[in-house]
Amino acid sequence: MSEDEFYKRAEVVKLDTLSDVNDIGKPWRYEENGLTVTRTSPWSPPGCHPVGCGLKLYVDDDGKLVKVEGDENNPVTQGRLCPRCVALKDYIYSPARLLHPMKRAREDRGKADKWEQISWDEALDIIKENYERITAEYGRKSIAVFAGTGREGGTFAPYGTMCFGTPNFCYTQSGYACYTPRLAAIAYIAGTTYPEWDYAGALPKRWDDPAYDQTEVLMVWGKAPLESSPDGFFGHAVIDAMRRGTRLIVIDPRVTWLAAHADIHLQLRAGTDTALGMAMLNIIINEGLYDHDFVEYWCYGFDELAERVKEMTPERAAEICDVPVEKIYEAARMYASAKPGAIQWGLAADQKTNGMQQGQVSVALMAITGNLDAPGGQILPGTGAGHNEAGFGFEKGVGADLQAEMIGLAEYPAYCMIILNAQADLMLKALETEEPYPIKMGFYAGNNLMSCTSMEPKRWHDAIVKSLEFCVGLDTFMNPSIEASCDLFLPLATVAERDGTVFTHYAPCTVTAGFMHKAITQGEGKTDYEVCYEIGKKLRPEVWEEFATAKEFMEALRLGKREGGTYFDKVAENVVCQIPVSYYKYERGEMREDGGPGFATPTGRVELWSTAFNQFGEDPLPYYEEPEFGPVDPELMKEYPFILTTGARTIAFFHSEHRQIPYLRELNPDPITEINPAVAKRLGITDGQWVRLTSPFGECVQKARITEAVDEKTIHAQHAWWFPEEDGNEPNLYGNFRSNINNLLPNFHFGKLGFGAPNKCLVCKVEPIAESFDTDMDLIWEKFGELV
Amino acid sequence: MTTYGLLFDYEYCTNCGSCQVSCKEEHAYPVGKTGIKVMTDGPWKIDDEHWNYNHWPIVTDLCDLCPERTNAGREPICVHHCLANIITYGPVEELAQKLAEKPKQFLVVPQFNPIGSREKFVSKKTDTHKAAHIEVEGTGKASYAVHRHDTKVGEIDENEGTVF
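Same order as they appear, the protein sequences are chains A and B.
The opening position of the first sequence corresponds to residue 1 in our numbering, with each subsequent residue numbered one higher.
The opening position of the second sequence corresponds to residue 1001 in our numbering, with each subsequent residue numbered one higher.
FYI, nobody ran anything at the bench for these hints, they're computed from the structure.
Just so you know, these numbers come straight off a predicted model, no measurement behind them.
Ideal Cβ positions, reconstructed from N, Cα and C, are used throughout, including at glycine.
Hints may contain errors.
Looking from chain A toward chain B, a few residues come up when the C-beta cut is under 7 Å (computed) [unchecked claim]: (1) Trp207; (2) Ala260; (3) Leu779.
Distance condition first, Cα-Cα at most 30 Å in a straight line; then the derived BS3-like pairs of lysine-lysine [unchecked claim]: (4) A:Lys339 to B:Lys1037; (5) B:Lys1037 to A:Lys14; (6) A:Lys67 to B:Lys1033; (7) A:Lys327 to B:Lys1037; (8) A:Lys89 to B:Lys1098; (9) A:Lys89 to B:Lys1033; (10) B:Lys1141 to B:Lys1033; (11) B:Lys1045 to A:Lys713; (12) B:Lys1120 to A:Lys67; (13) A:Lys64 to B:Lys1033; (14) A:Lys205 to B:Lys1098; (15) A:Lys14 to B:Lys1098; (16) A:Lys703 to B:Lys1033; (17) B:Lys1045 to A:Lys765; (18) A:Lys64 to B:Lys1045; (19) B:Lys1102 to A:Lys703; (20) B:Lys1037 to A:Lys703; (21) B:Lys1037 to A:Lys783; (22) A:Lys205 to B:Lys1037; (23) B:Lys1045 to A:Lys14; (24) A:Lys783 to B:Lys1120.
Quick list of the computed label-pair ranges, beta carbon to beta carbon [stated by the list, open to error]: (25) A:Gly523 to B:Pro1091: 44 to 54 Å; (26) A:Gly63 to B:Tyr1029: 17 to 27 Å; (27) A:Lys205 to B:Leu1107: 23 to 33 Å; (28) B:Leu1107 to A:Ile118: 54 to 64 Å; (29) B:Gly1073 to A:Asp61: 23 to 33 Å; (30) A:Asp208 to B:Gly1073: 21 to 31 Å; (31) A:Ala770 to B:Gly1073: 37 to 47 Å; (32) B:Asp1048 to A:Pro597: 47 to 57 Å; (33) B:Phe1112 to A:Lys466: 55 to 65 Å; (34) B:Gly1138 to A:Asp774: 27 to 37 Å; (35) A:Gly63 to B:Glu1093: 42 to 52 Å; (36) B:Pro1091 to A:Pro597: 54 to 64 Å; (37) B:Met1039 to A:Gly399: 20 to 30 Å; (38) A:Leu779 to B:Pro1067: 47 to 57 Å.
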């Protein structure tokens, strides 16, 4: 296929609610009523796991962004926008936005008024001075790049490899309990990456494309796609499919809106998903409902899997999961009989100690029903997919010797090698104990780990503040992590102030490829690729000789081209492109580097019995393990009688972001804990009252919402709360530790391969408190309402 | 004059909040004010298996149907951004036909600030009773008897004050 065809402007499918007066067919930049309109496809910031919705930015003669509107030229979003992008103007011109580099003395960490504005040149000099001093004494491995989630910086591996030359790029969530365990599961089992549900996103006529086969049944498993919409997938595509007759099975401990509208809702006890999946495999195999030909020709280890799942009878699973047994039968039969059927696996898979096994049973279900790489089933990325972002510049910038010293590599190769990341829990240990070696310098690549992505956040806070001699924060706003621990602040450009690329699911499972266009200049913010390039060139010019400009680096990293930025400029004019999709690639040798038919696994088949798991010392077959904290420990349950599940997303915020945007905060002013009405009555908690949640690891306070969305054994609590309107000085740190549900969640409770954490299946007790911490929305409006 | 309205297919409203935030951006409404918001009913159980769980976008008295946009032939901004694509703008006659096509919809014709947009009060009454010029004399006493005519709890003498 020619390149021109690969990044071709997407065809448009007009929504019937869109007026005949519209902007379909307009170029990437045009004039309208005295305003310059720039069409763009945003990634970050503000945070978003890459989806690349269509956006039109209206700029006046003074260079001011005056309006933001959804772009109807995007084939998937079709003009629709979630509230975070609708409020983009308020994010960009917020009075709290930080637009210039700032420095602060190390002894002034935690003092909000000690920052002093400096130039980029001085900032780079300060980084160089500290880099040279620290690496001279401790080596480059003593630098940790702390990554967040979703934003471009979150996976910007070149910060580690090429910029600082350290093997220790690290996402600090215990057991990397977010996304990567699922990727690892399918990589090891089927030799591919994220198997997104086929929602016809890459097909020119979308749902009506002749190549598409309407999904009959979609099993939404441990995922809230409507609220987690930015996770590589436009969540409301589920609604589009429902309108076209797709029926749902929802597996979730909460009665989400989707669950309430599903044919079958399996409201299981949080953390027991693997037992449920094994029971569904048991039913589908026992009743002969699987795709016999696919299993015969394309799977490995079916008999062993069949033997293993015999032990998980539906009756046993019903007891473990606390779900009626007939519903398990019904769901397994419904999913297996659907042609095509699909699964959307969510974060819940990662957030349990044996999450890898849940990933394994999910892939097994997709495989034996013949839905892998089938239209309307699961899209599988072929050999051409992905940009090797994690490995970009690794050999040159880090080298084999230093790579071998990556924290956790020796103990957890299945974790560290697949994502080229230091193992999170062992990084915490290194910060605390200097074992295996000291960590002395830190860089936050668009990350607020103390509010969002670290468990026992006070422990991470103490370890970082104590250990790091120098720490740099890069962001759009101040946040508790930077306030507590950084000596240098660098401003980050928002999506409206930058160019760049955006690929759904970071590129390995690409449905659309989008391009960002700079529409305005605001302050001195830079993009991740510019910051990486400029710091890198300053510290290690020899590594960067091949790139004359930052844009050339971005073009090479994102598009694999070296055409001085002209290739980027050419394809970027298309704003959004549908990446050509094809099905049944394994029959044609398009799933393997050697071009042979089959899958990129040791046996060439989908390994229901996993060679890789076996090699890493893990059971090659799926097995169920009771959550460590739960009914398995009756003594513990006496003190902590509820199953605590956390972190379901809210559409108002991207994780810890957006709390200072009044229109968004208004949608969800306070941190919410969901409690069943019967429990609330028993404990004397009224709707809207504040409660204290306590686990064996810590406590926090949140505001109760009394709702049947959770059953009587379950408590759900929101995550990533801090309060930008409050005092930023230590120890308050914008109220960072008051409502932080991560206080209750542990480190060091991951699975055998180093992956997984019990974030969605812990235990807690809950008690009403007399105090109220209700957010004063008038204060939010007063502080952040007037844009600059 | 054609009357325009909004047809809501609430079967698929997911409470994403895009309508509210879009409205506030378009009109620069402060915190606490909006032209549209979403109300929720549920989840509560209809029977052992099924849930009632509906969201309803409700237009307020600040909904003006986005005249700047609609005068230019475009749809109101909430219609444009609605993630579930459940809002249709158009003449009520056309929307009424669509309303008949499927259940779980409702049709609304909003009115902007209806009380505030009334004209200032001016009495329209012209033919009124004219007060008559008749001389009267005082009784010399004030009475507390307001509840029952036979319960005289006290009297005020105009010269001596209250007498019980």
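Verification of the hints:
no.: 1; hint: Trp207; verdict: violated (13 Å)
no.: 2; hint: Ala260; verdict: holds (4 Å)
no.: 3; hint: Leu779; verdict: violated (10 Å)
no.: 4; hint: A:Lys339 to B:Lys1037; verdict: violated (39 Å)
no.: 5; hint: B:Lys1037 to A:Lys14; verdict: holds (26 Å)
no.: 6; hint: A:Lys67 to B:Lys1033; verdict: holds (20 Å)
no.: 7; hint: A:Lys327 to B:Lys1037; verdict: violated (36 Å)
no.: 8; hint: A:Lys89 to B:Lys1098; verdict: violated (35 Å)
no.: 9; hint: A:Lys89 to B:Lys1033; verdict: holds (19 Å)
no.: 10; hint: B:Lys1141 to B:Lys1033; verdict: violated (55 Å)
no.: 11; hint: B:Lys1045 to A:Lys713; verdict: holds (17 Å)
no.: 12; hint: B:Lys1120 to A:Lys67; verdict: violated (35 Å)
no.: 13; hint: A:Lys64 to B:Lys1033; verdict: holds (25 Å)
no.: 14; hint: A:Lys205 to B:Lys1098; verdict: holds (25 Å)
no.: 15; hint: A:Lys14 to B:Lys1098; verdict: holds (19 Å)
no.: 16; hint: A:Lys703 to B:Lys1033; verdict: holds (23 Å)
no.: 17; hint: B:Lys1045 to A:Lys765; verdict: holds (26 Å)
no.: 18; hint: A:Lys64 to B:Lys1045; verdict: violated (50 Å)
no.: 19; hint: B:Lys1102 to A:Lys703; verdict: violated (39 Å)
no.: 20; hint: B:Lys1037 to A:Lys703; verdict: holds (22 Å)
no.: 21; hint: B:Lys1037 to A:Lys783; verdict: holds (24 Å)
no.: 22; hint: A:Lys205 to B:Lys1037; verdict: violated (33 Å)
no.: 23; hint: B:Lys1045 to A:Lys14; verdict: violated (37 Å)
no.: 24; hint: A:Lys783 to B:Lys1120; verdict: violated (37 Å)
no.: 25; hint: A:Gly523 to B:Pro1091: 44 to 54 Å; verdict: holds (47 Å)
no.: 26; hint: A:Gly63 to B:Tyr1029: 17 to 27 Å; verdict: holds (26 Å)
no.: 27; hint: A:Lys205 to B:Leu1107: 23 to 33 Å; verdict: holds (31 Å)
no.: 28; hint: B:Leu1107 to A:Ile118: 54 to 64 Å; verdict: holds (59 Å)
no.: 29; hint: B:Gly1073 to A:Asp61: 23 to 33 Å; verdict: holds (25 Å)
no.: 30; hint: A:Asp208 to B:Gly1073: 21 to 31 Å; verdict: holds (26 Å)
no.: 31; hint: A:Ala770 to B:Gly1073: 37 to 47 Å; verdict: violated (57 Å)
no.: 32; hint: B:Asp1048 to A:Pro597: 47 to 57 Å; verdict: holds (49 Å)
no.: 33; hint: B:Phe1112 to A:Lys466: 55 to 65 Å; verdict: holds (59 Å)
no.: 34; hint: B:Gly1138 to A:Asp774: 27 to 37 Å; verdict: violated (60 Å)
no.: 35; hint: A:Gly63 to B:Glu1093: 42 to 52 Å; verdict: holds (45 Å)
no.: 36; hint: B:Pro1091 to A:Pro597: 54 to 64 Å; verdict: holds (58 Å)
no.: 37; hint: B:Met1039 to A:Gly399: 20 to 30 Å; verdict: violated (60 Å)
no.: 38; hint: A:Leu779 to B:Pro1067: 47 to 57 Å; verdict: violated (33 Å)
In the structure shown, a violation is registered for the earlier hints numbered 1, 3, 4, 7, 8, 10, 12, 18, 19, 22, 23, 24, 31, 34, 37, 38, in ascending order.
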